[in-house]
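Chains as they are written, first to last, in the numbering used here: chain A, 1 to 146; chain B, 147 to 263.
It is worth saying that the hints were derived from the structure and are not from the lab. Do not rely on the hints blindly, as some may be mistaken.
[Said to hold, decoys possible] Cross-link-like lysine-lysine pairs, in silico, DSS-like; alpha carbons within 30 Å at most:
(1) B:LYS157 <-> A:LYS99
(2) A:LYS103 <-> B:LYS157
(3) B:LYS157 <-> B:LYS230
(4) A:LYS121 <-> B:LYS157
(5) A:LYS13 <-> A:LYS121
(6) A:LYS103 <-> A:LYS121
(7) A:LYS99 <-> A:LYS121
(8) B:LYS230 <-> A:LYS13
[To be verified] Some but not every residue of chain B turned toward chain A, in silico, with C-beta under 10 Å:
(9) LEU186
(10) GLU189
(11) TYR200
(12) ILE211
(13) LEU219
[Claimed, not checked] Footprint (simulated), chain A over chain B, 3 or more residues, beta carbon under 8 Å:
(14) 190-196
(15) 212-218
(16) 233-242
If you're wondering where the values come from, they're calculated on a predicted model, not measured in any experiment. All C-beta atoms, glycine included, are put in the ideal place defined by N, C-alpha and C.
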Amino acid sequence: MEVADRNNREGMKAWLNPGRYGWERVSYWLQRLTGVGLLAYFVGHIYETSSLTQGPDAWAAMLELTQTPMGHLILLLIIGMSAYHSANGIRLIFTHGGKGLGKPGRPDYPYDAVSLNYRQKSGIWIALILAATAMLYGASVLFGGE
Amino acid sequence: MTMLRESQIMKIHYITGIAALFVVAVHILMRLIIPFSLSLEYENVIANYHNIPYVLLLESILVLIAIHGFNGLRIILLELRQSKAWEDSVTILTIVAMMAVIAYGTRTIIVANGSGF
């Protein structure tokens, strides 16, 4: 592809712009941001647990780094990201399979997109509510002082 | 560079995502069946790695999330830019990273299980 062909591209700005497509765009970039965040945590978690192979002292030293209020806050964020990514991911599987979408019709004013129906919107809200609930439960476990 | 069609890759992405949901749920429940503060004690964690069904669960989590996660990263990078060289590079890099993470995690599982050398 020629370089000149790319002049109209908005790149990351278009990817992150939530204003143009409403809640589906917010859901779109939240799915990607949570995915990248969870992948980073996954790689970090594998590195963290590898300290087990160096004995109890190395494990204790790693826990001193991670089992802190800041570590617990990061874990809470991970819990919320996992819940959102899972619930919204299931919604997307249905959406990609054509389930829950409205039937296409004549584009009469005010041009409501059939894909943005109540099922799709409520799916996004359910994902957000599940994430908040999971974070609340996680906070009660992590900061509950059991 | 296409060994699989994108539609097949997306099916793998969905299947690994849903399967990971179940195995990660079991992994988290294993931490909650004993008091949370005790669940991270060295002896308890090592005991988990000596439990063969749990080791198989950990290995499945490792493989499922590595495939799902690095394929997700590949999808994001391919959405940002399109050219043959970019797509091939991204595909190769994500496959190499996925294999490296699986190999490193598997090494931890084998050594912590006591069957390492």
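> Is LYS121 of chain A close enough to LYS157 of chain B, meaning Cα to Cα at most 30 Å?
Replying inline: Since the Cα atoms of LYS121 of chain A and LYS157 of chain B sit roughly 24 Å apart, the hinted pair holds (cutoff 30 Å).
> Given the proposed pairing of LYS157 of chain B with LYS99 of chain A, does the C-alpha separation stay at or below 30 Å?
Replying inline: Judged against 30 Å, a Cα distance of about 16 Å means the pair holds.
> Under the criterion that the straight-line Cα-Cα distance not exceed 30 Å, is the pair LYS230 of chain B, LYS13 of chain A satisfied?
Replying inline: 23 Å, holds
> Within 30 Å, alpha carbon to alpha carbon, are LYS103 of chain A and LYS121 of chain A?
Replying inline: 16 Å, holds
>> Tell me if the straight-line CA distance from LYS157 of chain B to LYS230 of chain B falls inside 30 Å.
In response: Roughly 23 Å between the alpha carbons, so the hint for LYS157 of chain B and LYS230 of chain B holds.
> Can the restraint linking LYS99 of chain A and LYS121 of chain A be considered satisfied, given a maximum Cα separation of 30 Å?
Replying inline: OK: LYS99 of chain A and LYS121 of chain A at ~13 Å, within 30 Å.
> Has the given pair, LYS13 of chain A with LYS121 of chain A, been kept, meaning a C-alpha gap of at most 30 Å?
Replying inline: Given pair LYS13 of chain A, LYS121 of chain A holds - Cα atoms ~24 Å apart, limit 30 Å.
>> Let's test the interface hint: is any C-beta of chain A closer than 10 Å to that of LEU186 of chain B?
In response: 6 Å, holds
>> Hint ILE211 of chain B vs chain A: min CB-CB distance below 10 Å?
In response: 5 Å, holds
> Would the hint on LEU219 of chain B stand, with a C-beta cut-off of 10 Å toward chain A?
Replying inline: 6 Å, holds
> Would you say the segment 190-196 of chain B counts as covered by chain A, given the rule of at least 3 residues with C-beta under 8 Å?
Replying inline: holds (count 3)
> Between LYS103 of chain A and LYS157 of chain B, does the CA-CA distance stay at or below 30 Å?
Replying inline: Roughly 24 Å separates the two Cα atoms, so the pair holds.
Violated hints for the displayed structure, listed by number in ascending order: 11 and 16.
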